[in-house]
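Take a look at the letters that make up each chain.
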Amino acid sequence: MKSLIGAAFASAISLVAVTAHAQQTVNMPDVIELSGPGAVSGTNWRDGVTLAVDEINAKGGILGRRIVTTHSDTQSNPGVSRAQVQKALDGDPYVLLGPIFSGSVKVNMVLAQQAEVPQFTGAEAAEITQTGNPYIFRTSFGQQASMPKIANYMRDGLKAKTVAVVWVNNDFGKGGRDSFVREMGTRGIKVVADVSTESGQVDFAADVVKVKGANAEAIFVYTNEEESARFLREARKQGIRVPLIGETTLLNQKVIELAGDAANGVRGHIGLSAEVPIAAIQEFKNKFNKRFNYLPDHNAIKGYTAIYAIKYVTTKIGKFDRKLLAKTMHGLTITPAMEPGILIETTWDDKGDIDRISFLAEVVDGKQKIIQNLPKLGK
Amino acid sequence: MTDLIQLLVAGLATGAIYALVAVGFTLLWQTSQTINFAQGEFVMVPAFFVLAAMKFGGLSFPVAILVGIAASVLILGAVFKRLLVDPMIRHGVLPLVISTIALALFLKEGVKEFYGAEAQSFPALWTTTHVTIAGAVVSLQNLVIIGVAVVTIAVLQWFLGRTRTGRCMQATAQNPALARILGIRVERMILYTFLINAALVALASLLISPIYLAKFSNGETLGIVAFIAAIVGGFNQVRGAIVGGLLLGVIDNLVAAYLSTQYRGAIPLFLLIAVILFRPQGLLGRAEERSV
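Quick mapping for you: the protein sequence lines, in order, are chains A and B. Quick note on the working numbering: the first sequence kicks off at 4 and runs consecutively. Quick note on the working numbering: the second sequence kicks off at 306 and runs consecutively.
This is chain B alone, in the form it adopts within the complex (with noise of 0.2 angstroms):
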C-alpha cells in the first residue's frame, strides 16, 4: 500500500508537469489554431536560459530565474509569436505545423551546439527532503510540484474566467470574428495566449529540471506526452488537458512499476489510439463538427 501510495504522488507529480505543458498546447490551439511541435522544446530551453544566465551572467539563482522567465515569455512568446506563427498561419495550419517541427530542430540541435550536449546539473529550488503520509515516504519535492502546479492552474483559470482581459480571451477562442466585431482586440488576445503558454512552459522547466537535469534533448518525450495528454484529456477544453496531463503521469508510473520499464513509453501511444478510435474529442473535450 505503501509503494502504490509512493507511486501516485510520484506520479501526480510527474503528470502534473504535464499538465502545465498540456495545457499551454491547449490554449494555443484554442485561440490560434496553433499547434506548436516544438512546446516540449520550449520547456527544454528555459532552464538553459537560467544556466547561462549564471554562467555567462555571473547573476545569482534566484536573479536567473527571474531573467530566464522573462527570456523565455519574449523570446517563447512574443517572438515566437511574431516571426513565425503570423507569418505562417496566413498559409493555414500545416505549413505552421511543419515550421514548429523546424523551430523545434532548431532549438534542440541550437542548445546543443552553443551549451553543449551533456546533462548540466540545475539547481532545485527547495531541498531534497521528504515526509511520511499514511507510512509511505513521499517525497517533499513531488508535494512542492504538485502544489504549485495547481495553484498556478487554478489562478490561470480565475484569470480565464474573472477577469475581463480572461473573457476577452475566451472569446477570441470561441469566435475570433464575433470577438472582433464586439470591439475585442483578438490580436492582443492571441498575444496574450502565447504569452502565457511561454509562462507555463518556463515553470514546466523549472520545476522539472532539478529532477531530470537540464539537457538539449529534454524536450522530445515530454513534448510528445504532453500533446497526447492533451488530446487524450480533449484538445479543445483546458480541464481536459490538466486530466490528460495527470492521468499519464499516474499510469506511466504504475505501469513501470508494476509492468516493465521497456513498456512505459508505450503507453502513452496505446491510451492515444483508444481514446481517437472511441472518444475522438478526449476524455472531456467537446465534440467538434465542421461542414465540408
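Chain A with its partners taken away, still in its complex shape (with noise of 0.2 angstroms):
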C-alpha cells in the first residue's frame, strides 16, 4: 500500500514536472536540407537560427519561454522533407521553420497551411506565395521581385541585346527561369540559348559548350549552389569571356569560394548577403563567423532574421497565438530600431513576401563588392 502510494506520488511529481517545463519552452522545429545538393543553403541557415535561438534563449527567451529547435534533414528529397514536416507538426509546434528547396516546401508547406502553423522559409520560387497560403511568410525575396531587377541591369547596366539562360530542373530554377525569361521579353532583349541542368549534376562540359556556341551577349546563371561553383569552374577552364549574371546564390560566398578564381568578374543582383556594409549584418557576420568558423552566405541570414521575426511579433501580441502571429505578419514592417535582429529593414506583404533594399555585387578578388544599393520596391 505503501509503494502504491509512493509510486503516485512519484507520477503526479513527474507530471507537473513535464507540464512546467513545456509550459517554459517553445517548440519551433527546423525542416531543413543538411544533405544532398542543398547541404550548403541548409547548412547556413541552420546555423543562422541556431545563432539566433542561443541569442535569444541567453536573455531569457520569448516572453519567458526557451525556444526549442530541432533540426530535421530533409535530405534534399521533397518525399522526406514531407514525412520530416509531419512529424514536426505532430510535436505541436508554435511555428515552423525551413525548408529551403522550393521543390519540398511545395509539397510540404500544404501540411503547415492545414494544421495552421506559421511556416518561415528561405524558398525563393514565386508560386509559393501564390497560392493563398496564409501561414506562409518569406525570409528572402520571391524570384518575382528579384528578377525585374536583374534584368533593369542587363538592359540599362550591360546593355546587352542577346543572353544565354543555364538554370537548374527543379522548382526553384524552372519559376526562376519562366521569370527571367518572361522579364527578357518585357525589355526586348532576345534569349538565345536556354539550357537546363539537373540538380546535383557534376559535369557541366557539355552546357558550356552549348552556351559557348550561341554567342549571346551576357550568360545568366540560376543554379543551387554547388551546381553553380561547377559552372563556373568548368566555364573558366573553356574560357568562357562574356559577363556571367547571377541572383543571389551565383555571388554567395560558398560558391565564391568552391568555384575560386572562377568566380572572379561574377555580377548581379544580390538581395541579401553577408558582404553588404551594413553594420548591423557585418556584426552579425563576425559573431557568426566566430561561432561557426566559417563565413556566413545569406541563408544564414534568412534562419537568423526568420527567428528574430517570430520573436518580435509574439512580443508584440503578447501570447503564443499562431493564427495571430499569421495575421500580424501580413503587412507590418519591422525596423533595426524596432527589432536590431532583423538586421535590414523588412515588410511582408499580404502574401508573405518580403520587401527590403537589395544590391548589385560584382565578386572582385574573391569577394563580393556591393556596386549598387537598389531601394525597397515599395518606394
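A couple of the hints might just be wrong.
[Claimed, not checked] Pairs of lysine-lysine residues, derived as DSS-like cross-links and limited to a Cα-Cα distance of at most 25 angstroms, are as follows:
| no. | chain 1 | residue 1 | chain 2 | residue 2 |
| --- | --- | --- | --- | --- |
| 1 | A | K162 | A | K193 |
| 2 | B | K413 | A | K293 |
| 3 | A | K288 | A | K62 |
| 4 | A | K288 | A | K370 |
| 5 | B | K360 | A | K290 |
| 6 | A | K372 | A | K326 |
| 7 | A | K319 | A | K370 |
| 8 | B | K360 | A | K293 |
| 9 | A | K354 | A | K330 |
| 10 | A | K293 | A | K370 |
| 11 | A | K90 | A | K326 |
| 12 | B | K360 | A | K288 |
| 13 | A | K62 | A | K90 |
| 14 | A | K370 | B | K360 |
| 15 | A | K193 | A | K152 |
| 16 | B | K417 | A | K90 |
| 17 | A | K152 | A | K164 |
| 18 | A | K152 | A | K162 |
Hints listed in this document are in silico derivations from the structure and should not be mistaken for laboratory results. Here the structure is a predicted model, which is why all the values come from computation and not from measurement.
Reconstruct the complex from the two isolated chains, following the hints.
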C-alpha cells in the first residue's frame, strides 16, 4: 500500500515537472536541407537559426519561454521533407522553420497550412506565395521581386541585346527561369540559349559548350550553390569571356569559395549578403564566423532573421497564438530600431513576400563587392 | 565543328577517368572474382584523405597528395582485401558483392558524418588555362587528364605484359590453380591487383575532384557508370574497359549537348541493355562458357 502511494506521488511530481517544463519552452522545429544538393544552403540556415535561438534564450527566451529547436534533414528530397514536416507538426509546434528548397516547400507547406502553423522559409520560387496560403512567410526575396531588378541591370547596365540562360531543373530553377525569360521579353532582350541542368549535376562540359556556341552577350546562371561553382569552374576552363550574371546564389560566399578564381568577375543582384556594408550585417557576420568558424551566406541571414521576426511579433502580440502571429505578419514592417535582430528594415505583404533594399554586386579577388544599392520596391 | 571538337575532348577526358576506374573493376574481377560495388566510393575517398591531411595534418598540398595516395593504397587496397574480400570470398561471389554494397554505404555515410555533407573545394593540379586546336578552345585541364590516363594505362599494360610480376598476375587471372602449381605466389599476385586498383582510383580521384568538387555523394554515379563501362567494353579485358570508358564519356557529352541533359543518365543504361542483349561478352571481351 505504501509503495502504491509512493508510486502515485512520484508520478504526480513527474507530471507536474513535465508540464512545467513544457510551459517554459516553445517548440520551433526546423526542417531543412542538411545533405544532398541543398546542404550548403541548409547548413547556413540551420546555423543562422541556432545563433539567433541561443542569443534569444540567453536573454530569457520569448515571453519567458526558452526556444527549443530540433533540426531535421530533408536530404534535399521533397518526399522526405514532407515526412519530416508531418513529424514536426505532430509535436504541436508554435511555428515551423524551413525548408529552403522550393520543391520541398511546395510539397510540405500544405501540411503546415492545414495544421494552421506559420511556416518561415528561405525558398524563392514565385508560386510559393501565390497559392493563397496565409501561413507561409519568406525571409528572402521571391523571384517575382528579384528578376525585374536583374533584368533592368542587363538592359540599362550591360546594355545586352542577347542572353543565354542556364538554369537548374527543379522548382527553384524553373520558376526563376520562367520569371527571367518573361522579364527579358518585356525588355526586348533575346534569349539565344535556354540550357537546363540537373540538380546535383557534376559535369557541365556539354552545357558550357552549348552556351559558348550561342554567342550571347551575357550568360544568366540560375542554379544551386554547388552546381554554380562547378559551372563557373567549367566556364573558366573553356575560356568563356562574356559577363556571367546571377541572382544572390551565384555570388554567395560558398560558391566563391568552391569556385575559387573562376568566380572573379561574376556579377549580379544580391537580395541579401553578409558582405553588404551595413553595420548590423557585419556584426552578424563576425558573430557567426566566431561561433561556427566559417563565413555565412545569405541563407544564414534568412534563418537568423526568421527567428527574430517571430520573436518580435510574438512579443508584440503578447502571447503564443499561431493564427494571430500569421495575421500580424501580413503588412508588417520591422525595422532594426524595433528589433535589432532583423538586421535590415523588412516589410511583409499580404501574401508573405518580403520587401527590403537589395544590391548589385561583383566578385572581385574572391570577395563580393557591392556596386549599387537598390531601394525597396514599395518606395 | 569547333563545338564538336570541344565536346569530343571533354568527353574523352571524362571517359579517361571512367576508363581508369573501369580498368580497376576488370582487374579485380579477373584475378579474384571480386565485383566491387564500392568502386565509386573508392574514387571519392582519396580526395578526402588529401583534404584531411591538409586540414588536420597541416600538410602542404603536394605532401598531402602523397599521403592520400599512400592511405588509399593501404586502406582501399590491402586492408580492403584482408578484412573484407578474404573472409567473404570463401562464401561465394554474391555475399562478397553484398558486402561491397554495404562498404559503399559505410564509406559514403562515414565521409558525410566525419567530414561534412557539403561539397569541398579541391585544388587543381595545374592551371586552368586553355589552348586552341583547329579553332576550338580546349581546356588544358582536359588534355592533361587524357594524357595522364593514357600514360597510366600504358605503364600498366607494360607492367602486366613485359614484367615478370605482371605476367605472373596474368597467369593468376587466367588459371589460379595452375599458377599455384607453377610456383607463382597467387595470394601475393591478388594482393598486388588490389593495390594497383587502389592506386588507379586514387589517381582518378585526384583528376576528377578539382572539377566535380569533393563530395561524399560523388561515388554514386561514377561507380555505376564505370561498372557499365567495364561491361560494355568487356569485363574480362582491360582493353575493353578502356574502350568502354572512353565511349561512355564521349556519348554522355554528345547526348547532353545535342539531345538533352535530362536524358544523359539514361544513355549508359540503354547501351548496357543493348550490349547485354546483342554482345554479352562486351565490345572487346571474350565469350566465356561454363559447364553447369
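Structure-based check of each hint:
no. : hint             : in the structure
1   : A/K162 to A/K193 : holds (12 angstroms)
2   : B/K413 to A/K293 : violated (30 angstroms)
3   : A/K288 to A/K62  : holds (20 angstroms)
4   : A/K288 to A/K370 : holds (14 angstroms)
5   : B/K360 to A/K290 : holds (23 angstroms)
6   : A/K372 to A/K326 : violated (41 angstroms)
7   : A/K319 to A/K370 : violated (38 angstroms)
8   : B/K360 to A/K293 : holds (18 angstroms)
9   : A/K354 to A/K330 : holds (11 angstroms)
10  : A/K293 to A/K370 : holds (19 angstroms)
11  : A/K90 to A/K326  : holds (21 angstroms)
12  : B/K360 to A/K288 : holds (23 angstroms)
13  : A/K62 to A/K90   : violated (29 angstroms)
14  : A/K370 to B/K360 : holds (22 angstroms)
15  : A/K193 to A/K152 : holds (17 angstroms)
16  : B/K417 to A/K90  : holds (24 angstroms)
17  : A/K152 to A/K164 : holds (17 angstroms)
18  : A/K152 to A/K162 : holds (14 angstroms)
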